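Novice: One-letter residues, chain by chain:
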Amino acid sequence: MTMAGQDRGRLRKVRLYGVLLVLFGVMMFPFYTMFSSTLKPESGLFASPATLVPTEPTIQSYLAVWGQTDVLLWIANSFLISGGTVVLTLLLAIPAAYSCARNDFVGKRTFLLAVLVGQMFAPVVLIVGLFDVVTGFGLFNSYLAVIIPAAAFTLPFNVWMLYGYFGTIPVSLEESARIDGASQLQILTKIVLPLTKPALVASITYTFLYAWNRLLFVLTFLTDAGKYNVPRGVFSMVGALQTDWRMMLTVSVIGIVPLLILFAFLEEYIVAGMTSGAVKD
Amino acid sequence: MGFAEDYTEPTSDSRLERGLDHLQQNSRAYLLIAPTIVFLLAVIGYPILETFRLSLFRAPSETSIETFVGLQNYVEILNSDVFYQLLWQTGRWVVVGVAAKTLLGLLIAVHLNGDIAGRKFFRTAFLVPWGIPYAISAVVFTWIEHPQYGYFNAILIKLGVIEEGIGILGSPEIAWIGTVAADVWIGTPFMAIILLAGLQSIPEDLYEAAAVDGAERWHQFRHITLPQLKGVILIATLLSTIWTFVSFDVIWTMTGGGPIDTTHTLVTWIYQTGLENGNLGMGAAYSVIGFLLLMAFAVVYLRVYTSGGEEL
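Residue numbers (the UniProt record's numbering), protein chains in the order written: chain Y, 1 to 281; chain V, 1 to 312.
Honestly, the hints are just simulated from the structure, not real lab data.
Just so it is clear, the structure is predicted and the values come from calculations on it, not from any experiment.
For each residue, glycine too, the CB sits at the ideal point set by N, CA and C.
Some clues are possibly wrong.
With a straight-line cut-off of 30 Å between C-alpha atoms, the simulated BS3-like cross-links for lysine-lysine are [what the hints assert, rightly or not]:
| id | chain 1 | residue 1 | chain 2 | residue 2 |
| --- | --- | --- | --- | --- |
| 1 | Y | K13 | V | K120 |
| 2 | Y | K108 | Y | K197 |
| 3 | V | K120 | V | K230 |
| 4 | V | K120 | Y | K197 |
| 5 | Y | K108 | Y | K190 |
| 6 | Y | K190 | V | K230 |
Which residues of chain Y face chain V? A partial, calculated answer using Cβ under 8 Å [said to hold, decoys possible]:
| id | residue |
| --- | --- |
| 7 | G83 |
| 8 | L209 |
| 9 | E267 |
| 10 | Y269 |
Make a model of the complete structure from these sequences and hints.
Specialist: Here it is in structure tokens:
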């Protein structure tokens with residue numbers, strides 16, 4: 001390579017990293033805002049214009065938040081709602097996806113397409129009808145009022161994700177197990193599901209995040225403040241007469257910590273799940 | 001296919017018997033999908049019918065008295081200025097939002113696609129805004145845009161662009177931009193990740209051939225990257241359009257549709273009318289209009305999806 005070529009290559013690298021860092025800065029800015037704000041003492045938070053770097057950082061707000069808000073309760077509720085949604089979704093999706101992957105029956109294509117179309121009916125355009133159904137079944141103000149709709153709207157993704165993955169597992173593996181006398185349930189739990197781990201992790205993560213992050217169902221179907229999840233808790237602070245910004249931002253930071261941990265460990269599975277539908281080889 | 005051994009030639013050609021035979025042979029397959037069908041019919045199918053039914057009634061939620069009014073609700077909607085204002089506000093919310101997400105996502109994807117040190121770290125970091133509660137993102141953006149204490153105004157003041165903080169979310173003219181900003185931040189990671197995956201599936205040798213020809217970077221991007229990425233961009237923007245159209249949490253948390261209803265979109269209006277104001281019939285009628293729009297997107301999406309994007 002000539003000197004000029006080398007220079008140009010280096011220049012391109014600099015530009016590449018330069019643009020990347022600017023984009024990174026823009027996308028991370030809201031996190032910086034929330035985090036740095038929570039490190040300011042109460043007086044510092046309400047300086048105008050805002051100081052971009054906290055002058056006397058303090059963790060005061062993190063000590064106060066446990067007593068002043070129900071953040072722990074909200075996180076516990078979020079785990080309960082997300083966990084329940086994951087269990088219900090998988091209980092329905094695994095048999096359905098397995099059945100479609102292993103059998104050719106009349107109506108299979110229709111079923112799979114109908115499931116996909118079902119997903120298009122986003123919760124918010126259904127909310128009026130759903131409200132009638134939830135109250136009609138006497139579910140209002142129960143965790144199930146949130147878990148059942150969340151499961152319905154995560155089912156399509158799960159069915160398709162698992163259907164695609166089951167199809168890649170050779171039938172011969174199951175047949176030899178059957179010859180050894182394994183029951184259908186044993187084959188599914190001992191042979192097929194362990195091989196499906198990547199798809200299962202992607203499904204579980206997606207479902208967990210979906211149920212953790214959505215405000216709509218909790219807002220509509222749970223009025224009992226003792227059952228609020230993190231988004232609903234944060235929302236209740238917005239609605240308060242005087243917004244307590246310091247506590248609200250502190251709750252926000254704490255509310256996303258479990259998710260950051262999840263992301264750090266499961267990023268690859270999340271990406272696999274996100275791209276499974278859109279990018280086909 | 002454990003049912004193969006049970007298979008016997010159908011003795012009659014009658015459709016009914018063949019149908020029964022098929023059912024019998026695949027009984028276990030049907031049994032396994034049955035719970036999902038029942039569940040989806042109950043939780044999605046039935047509410048759809050219920051929404052259509054309610055849209056023909058005057059149904060205040062505080063009483064259980066429903067009065068049949070036929071198409072009155074629809075007539076009222078189509079004759080109201082509010083509806084056309086809502087369509088305009090929904091349109092700008094979707095078009096500006098999706099365009100910004102696509103462009104930003106593409107920019108990120110292209111810059112992550114190279115031989116970057118710490119790519120996994122960057123990819124994870126860029127993904128996070130997508131995976132946290134929308135209500136939290138909305139709260140953080142409200143704080144950023146705060147007229148007195150917000151960082152956005154502080155930066156503009158420091159740069160000398162403005163002298164006094166602007167109350168973005170309080171101004172009817174620009175409040176919608178304040179809400180779009182949050183939604184774009186949330187939706188960009190999906191675009192970036194999908195497009196990055198699309199970029200990585202482009203065969204390397206296409207670029208090598210072009211490099212031999214001495215093609216410039218921009219040329220490469222226009223004549224190789226974009227055409228190769230067309231299908232993925234199409235699917236991703238369609239999905240993003242659907243999700244942006246039905247996005248509720250952000251607007252509801254940031255402005256509740258205000259000031260003077262200027263940040264409402266069709267879906268926040270559904271919620272406001274049907275559940276906040278307790279006018280279930282009107283809310284349902286607005287929902288049906290929302291269905292129809294969604295179905296239009298869905299039909300396009302399914303056609304593109306099942307044809308692998310080749311058709312367009």
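Novice: Taking the hints in turn, state whether each one holds.
Specialist: Now for the hints, and whether the structure bears them out:
1. K13(Y) x K120(V): 18 Å, holds
2. K108(Y) x K197(Y): Since the Cα atoms of K108(Y) and K197(Y) sit roughly 24 Å apart, the hinted pair holds (cutoff 30 Å).
3. K120(V) x K230(V): 25 Å, holds
4. K120(V) x K197(Y): Answer holds: K120(V) to K197(Y) is near 21 Å, not above 30 Å.
5. K108(Y) x K190(Y): Answer holds: K108(Y) to K190(Y) is near 26 Å, not above 30 Å.
6. K190(Y) x K230(V): 42 Å, violated
7. G83: Violated. Min distance 16 Å.
8. L209: 5 Å, holds
9. E267: At about 5 Å, which falls below the 8 Å cut-off, the nearest Cβ of chain V leaves the hint on E267(Y) intact, so it holds.
10. Y269: Y269(Y) check fails; min Cβ-Cβ to chain V is 12 Å, beyond 8 Å.
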